[in-house]
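Heads up: the protein sequence lines correspond to chains W, Y, V and B, in order.
With my numbering, letter number 283 in the first sequence gets 284, and the count goes up by one each step, no holes.
With my numbering, letter number 259 in the second sequence gets 262, and the count goes up by one each step, no holes.
With my numbering, letter number 138 in the third sequence gets 119, and the count goes up by one each step, no holes.
With my numbering, letter number 169 in the fourth sequence gets 206, and the count goes up by one each step, no holes.
Source of the hints: derived by calculation from the structure; they are not laboratory data.
Each residue gets a CB set at the ideal place from its N, CA and C atoms; glycine is no exception.
Hints may contain errors.
Unchecked claim - Pairs of lysine to aspartate or glutamate residues, derived as EDC-like cross-links and limited to a Cα-Cα distance of at most 20 Å, are as follows: (1) V:LYS137 - W:GLU426; (2) W:LYS348 - V:GLU(-17); (3) W:LYS251 - W:GLU142; (4) V:LYS575 - V:ASP595; (5) V:LYS396 - Y:ASP46; (6) B:LYS233 - W:ASP93; (7) V:LYS356 - V:GLU443; (8) B:LYS181 - W:GLU423; (9) W:LYS251 - W:GLU426; (10) W:LYS283 - W:GLU345; (11) B:LYS250 - W:GLU345; (12) V:LYS138 - W:GLU423; (13) W:LYS283 - B:ASP251; (14) V:LYS502 - Y:ASP46; (15) V:LYS529 - Y:ASP46; (16) V:LYS137 - W:GLU423; (17) V:LYS84 - Y:ASP154; (18) V:LYS356 - V:GLU442.
As the list claims (entries may be wrong) - Have a look at the derived ranges for each label pair, beta carbon to beta carbon: (19) Y:LEU12 - V:ILE439: 53 to 59 Å; (20) W:LYS22 - B:LYS113: 43 to 49 Å; (21) Y:SER177 - V:ILE571: 15 to 21 Å.
What the hints assert, rightly or not - Away from chain B, derived, C-beta distances all over 10 Å, residues of chain V: (22) VAL472; (23) ILE507; (24) ASP538; (25) SER584; (26) ASN620; (27) LEU623; (28) PHE631.
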Amino acid sequence: MIIAILFIFPILSSAFLFFFKNKQLNVVLTAIYSLIYLSIVMFLVFKPQQFTEFLKVDSLNVIFLLILAILQFGISIYNIDFLTHSQVSIRDHTLYSIFYQFFVMAMTGIILSTHFGLLWVFIEATTLITLYLINFNKTKESLEASWKYIFICSIGISLAFVGIIFLSIGNFNINSLFFEDIYKNYKNINPFWLKLSFLFILIGFGTKMGLAPVHSWLPDAHSEAPSPISAMLSGALLNGSFLGILRIFKVMRLCNLDVFAKILLLIMGFLSLLVAASFIVKITNYKRMLAYSSIENMGIIAIGIGLGGVGLYASFLHLISHSLTKASFFLTAGNVLHTFHTKETNKITGILKTDRYTGFLWIFSFFAIIGLPPFPIFISEFLILKEMIFTKNIILFIIFVILLTIIIFGLGKSVLKMVFGEKNEHIEKYKNSFWVYLPQTLFLIILVIIGLYIPNFLHKMIENAVNSL
Amino acid sequence: MIEKFLNILILFFFPFLFIGIINRVKAFWGGRKGQPIFQSFFDFVKLLKKGQVISKNSSLIFQITPTIYLVTVILAGLIVPMVNYQNIFSFDGDFLIFAYILAFGRFFMILSAMDTSSSFSGMGASREATYSALIEPVFLVILSSIGFLSDQISFKGILTTLQQNNIISVLLISLCVVAFSIIMITECKRVPVDDPNTHLELTMIHEVMILDNSGPDLGFILYGSYIKLIVLSSIIANLILPANLAFWIALCLFLLILILIAVAIGCIESIFARLRLIRVPQFILLITSIAILVLSIIQFSIFGGLK
Amino acid sequence: MEIFFIGLLIIFCGFILSIFFSEKIKIYIVLFFSLIGIVLTIILPINVILSGKSLNFNLNLNYPIGLASFEIDLLSAFFIVIICMIGFFNIVYNIGYLKEMIKKNISSQNYLFFYGILYLSMILIVCTKNAIIFLILWEIMALSSFFIITLNSENKKSYMSGIVYLIAMHISFIFLSGAFIVLASKSGSFSFDSFKNVFKNDQFLTNILFILFFIGFAIKAEFAPFHYWFPKVYPIAHCGTLSLISSIMIKIGIYGLLRIILLVQMPSIFISYFVLFISLFSCGYGIIYSLMQKNIKNFLTYSSVENIGIIGTGIGIGMLGLSYQNTIISLLGFAGALFHILNHSIFKSILFFGLGNIILKTEHEEIESLGGLTKKMRTTSILFLIGCISVCALPPFNGFISEFIIYNALLNGMKINQNLISIASILSIGVLSFIGSLAIIGFTMLYSVIFLGNPRTIYKEEIKEVNILMLVPMFANVFFVLFIGLFPQFVFSFITRISLSFMSVHSLPLMSYANFVNLLKNISFINIIFLVSFLAIFLIRNIILLNKPIYKYKTWDCGYQGTSLKLQYTAFSFISPFLELIKQFIPLKIIFDKPKGLFPKQSNFGVRIRDFFDYYIVRPFSKFMLFLMNLFSWIQTGNMQLYLLYGLIFLFVAIVVIVGVK
Amino acid sequence: MIDLFNLLIILIGSSMLYVSFTYRLEEYIKTLSIQGFLFFLIILLDFDKIEILNFIFLIIETLIFKTIIIPVFLSKILRKNHINREIEPYIPNYYSVIIATLVLAFGFFISYWSNDEFQNIRPLFFGISISIIINSFIIIITRKKIITHVIGYMFLENGIFLLSLSIAAEMPIIVNLGMLLDIFVGIFLLGIFVNKISSTFEELNIDKLTTLKD
């Protein structure tokens, strides 16, 4: 029953907030929600339980739940300062908090749902909820970004729906869209329809996940959204769609069609890497750059799944690490934006000299994302490389490392240029409040711990997830 | 033991005679009577008695260099075999330390030339550095190639290897003699690489480096360069000398060859003009090809079955 | 083994504590902790070298790593001793440097913290026996060195250098990880010991893997064709950092190479010649380019390329000895290489410390703008001179000793009656001596232009000697230079013990060993005679001059009466006779604005020298890569309909494939 | 009976031809409405197969939402923004017609081609709905007005709806609910968005929305 709180609380609190419209109250309630959320998830992680027929914690989604809990906890902390400082009206402030809570709720729905239809509904719900958040700044650009976001994602989601229809055509004899039922009766599924269904769901959810060639909304939306929301999008929303893909991937695997699925995932993964690489080297807007980096990392996750074997483990590890890293990166980008008032890389130099702590967070997030130890992306990428050689895919190995090197070059060029160098004269030394550094530091510390020594419970969790796949 | 004693004697005193002979030969070609045969010795003593003029710009390096130069040359002379193939220090790879000790002296000579902050000395220094860079590898390659012929890797062993037994040996010896002569001419800065008598600074090498030295320091440097002549000539002499001769014959032949070399240098300096500076590297690079020739002949003679 | 880790922990604590204290206090905390820590750390490795017994330490870590085993064997112990000793001098120097910085009110930006991480990662790398941990530490080393290079940089272009460095380290990592993973896929484990069998069984694979490893390590160790990164990176770092990097960190690359050779046990002739060839190439390349550098930091780092080449030559000849199964050669080769590693880290420290002092005081890095410092910084100039002589491998200092051993290995290599190896050895001797004499050109130029003569520019402020903390490490290193130069036989006996571990035959014919010790005794004897006779004659000279008049007068200027600072010989004109000989092979750009008209006002002459590999290979390649990436840049046009079209096309093609394939 | 079914489906498919032919946006909306009504007829014909509650939902969705509310809502937006025709599409309309025809033919072809894979649904459902989906994609891609994109999206939804009707008997009710919600909220937001965009950008043209690019 404890799961119910996760859904009931935001509804009640947003109703409450809607009537009172007080900035302090908004922040406090959001923070309370995130704290409750975190503690409940911590409880659930160690004692999985079923809420209803439709919502359940199983060994696969528990990882996603954990990531979401930690992420939204950190981002709620960040919100404390982010919203109070910026000049927004009380109405917007309240709506932001409400939608933020709804977003977390919908994400929880995606993660916990046990039914393809429900999963789909929740994913669509996140699209609609985040629409407001992306358009929060209400500029021309943000409007354009949110238009592209909603349109492309809606079409993608519709395609995913076609995929679900195909699935139900294929499993005519089972007549159910519960994961469990499908997994149990996998022998009765028609492979032709299953393949079609996988393709459509992959493209549909892949749109939301940001896999090339259907990634195109992602840079726009990520760059125009407020930084905490970009962090949420990158760290949580993309994962949610990935979970959807994993659910259908398992069906493919049971039906011995995983070669087909893996080839598709590999193609999309490498396309994502290629796209990310070709844009990261020339980009001039650092938030867009981070968005492309998200595309890259989603590509790596897809490649990991596509390789199978240790790659699965690596993918999950990468998922966790990427969420935290990218969240930290985006939140720091928020600090930078706040200090320098520009998203142009060329106009920013000397972050270290302007705001030393932000500078260090920025550069460490960079190192975390390019996979240097002691950050865990190193391990996940290493495992993926290992799997490539173990399965004798030398060509893939070479392409992979070349693209990664280009990406590192592109990211590093911008990031280091911003961090080092002379201080901008017209920008006064800015002292941010404690709250905008805390979450990033928290995330990075967690990452370093994972990178140096994967805790046993996490290791087991990932292994269970891999086994359940 | 007596050889070692003789070696030291030759090393310290023969140089003056050697220079005297050269000067006499040059005087002969010039139709003059020439200076006394030990004039260089008298000059040396005179210089030792004098005081010094030191450049304001110079530092300690300028003052220690002449001593270092002299010491290195003498030390090199102790390593090189002279009378009856005997040298004072003999061990495997001693020719390496020979080359490197000479290089040490050169190192300081260059520094001292640069120390005066005169642009003329700098010119000489840079030329000296470049030309010696070209000859040092050749020196080592030739010696180690000969060493390869007989598995000897000490100076003594290498120089005794080549005997006029067969046509190959004679060929090698003559090539080596040519090579070492060029090395000697370059190292000691004689004609046609450099002319010790001219005083046109722009074209000189060695003389221009020591423009600012005076008094005992100049004496040390001159003495050092005389000894260097002897040291390098004795390598040539030992190359030509046949092995296993009786001691006295060997000694006499050795001295004879040294004197012949002095005469030859005198003749060359009288007959030939100094090369243009641009041609000098080409002249020096000639020995690189000789070295490669020596190496290939030796390789061919061993692995081609000619031995 | 515990005491070793306790030592490391103490060092680490010192560096960690440095974050929390103010600038003035933290340097002493670090000094204190690292002194204690290093003493504790160095005990066991020294014991290992003395006793010859290796130490083990196992640690069970979580999933991707598994069993992490650390072992201090002879090779590791050797490197640990070098890192600890020379590294300690580096710490002292850097603390002195920071003291000067504090005077200038410049924050050290957690420099010491990253310094400590780098220091520890290097120590741990050399004793780990697990490939994954090796790679992790390798990357941590790269990361921390990145920070110490870039953090305090005042250079505006420092970010570009930083990224070049990162990319270079990443490429090195890729090669290494690829090779390690292939090995692991054959052996089933990431532990070093399990790799031995793979190497033993598959000759072809061994060759390929060795080349991969070699490239990976060579990028770190700056072997010539793989060195492209450092001319861009080093100028931004200050010399305290560079001395650590150049004298120790790049040796970790050599360590990796040696470790792989230890695992390969019996390298094939092909890879041995490969190593020898690359090393000789990098010798020549390094020294020729070092001559032409305008930046004094780059001068020294190119000279590191040369010295790494010499080390590599030793390794190559040692490997040839292994493949021809000749113990003496491989013993001498490896011993020479190890000896040169030690020597290079000693004299390179001196040189970089000296440069650091100069740059700190004059704030000039261009070689052409220095001069006349010997009158202002007397101690530094003398110590630097000793470093210069040593790096030119001239007796009686330590550089000569190691080169002499390598020469001896080559001379012995000649004795193997094989066409190829004899030619190779003789030519190697030629190349080595050639680069030796080029080094003389280079370092005489460097020293004389920096220290001798008159200043070429007017310095900002009065130049004084640096503080004592910056001089002490130089003195310590000079002591080692002299000690090793004069008494090489003592150190040699330890080094042969280490180099013996490369051979499966662990007993050397006593005869030949005694021979070499005698040989070195001879060298030692000659060196001592050299010093003594120099002192004696100099004394005599001074006695002669005692009552003679000594005039100080201006330099004789051949009658030309103009005096200008610019009339001095410059660095470029010094090397131009040599440059004339090789200028066809070097991408030179000569900038020459001729004086025009009857009354010419301004004219200009300059030469820009570019690195061959950077100019002809790396740059075109990276441009090509960027061009390739640019081919795809039309994707994100901003037109949403196009985005949908991509999806549609992808969907359509996939459907056709599915329906078509069935 | 089957023939009637197929006739209705083909009618829905052919209505796309009309859409690709016309310039007038009012006609688009009318077609949308007609399609909704045709769906209603199909459901009526399928009366016996569907359980009663689900049936009622489908009736409401098709007859009220698809036939009345959405078209009315859209035409309101049109009138409010004074848009009535689609000018200068990326490709001329006669090409659009040809392409639409080809796609429709392709739909038939697929239905015929993969006949043996269909154990449980009518082949024509599959083929025609695929062709509608592709056709609406083409409309979205070739037209420039944002409102046309919204309408195109509605056609896409209709295609999917047609597909889902093929298994309406098996689909749990929650999915229909979700779909309804999706369409409702989607249109609601899209409509608001069109208003917002028109007030921000002055002209409802997609060319204005290309500032975010790399």
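Going straight from one Cα to the other, do LYS251 (chain W) and GLU426 (chain W) come out at no more than 20 Å? 56 Å, violated
Given pair status - GLU442 (chain V), LYS356 (chain V), alpha carbons within 20 Å: 15 Å, holds
Minimum C-beta separation from LEU623 (chain V) to chain B exceeding 10 Å: can you confirm that? Non-interface label on LEU623 (chain V) violated, nearest chain B Cβ at 8 Å vs cutoff 10 Å.
With respect to the beta-carbon atoms only, verify the hint that LEU12 (chain Y) and ILE439 (chain V) lie 53 to 59 Å apart. 55 Å, holds
Does the alpha-carbon distance linking LYS138 (chain V) and GLU423 (chain W) stay inside the 20 Å limit? Roughly 10 Å separates the two Cα atoms, so the pair holds.
Taken at face value, is the distance from the CA of GLU(-17) (chain V) to the CA of LYS348 (chain W) at most 20 Å? Violated: LYS348 (chain W) and GLU(-17) (chain V) sit about 52 Å apart, past 20 Å.
Is LYS575 (chain V) close enough to ASP595 (chain V), meaning Cα to Cα at most 20 Å? 30 Å, violated
Sort out whether ASP154 (chain Y) lies within 20 Å of LYS84 (chain V), counting only the CA atoms. The given pair, whose Cα atoms are some 62 Å apart, is violated under the 20 Å limit.
Is LYS529 (chain V) within 20 Å of ASP46 (chain Y), Cα to Cα? 18 Å, holds
So if I understand the rule, the pair passes when the alpha-carbon distance is 20 Å or less; does LYS250 (chain B) with GLU345 (chain W) pass? 14 Å, holds
Can we confirm that no CB of chain B comes within 10 Å of the CB of SER584 (chain V)? 46 Å, holds
Given the hinted pair LYS137 (chain V) and GLU423 (chain W), is their Cα-Cα distance within 20 Å? OK: LYS137 (chain V) and GLU423 (chain W) at ~7 Å, within 20 Å.
The structure fails hints 2, 3, 4, 5, 8, 9, 14, 17, 20, 21, 26 and 27 (numbered hints given earlier, in ascending order).
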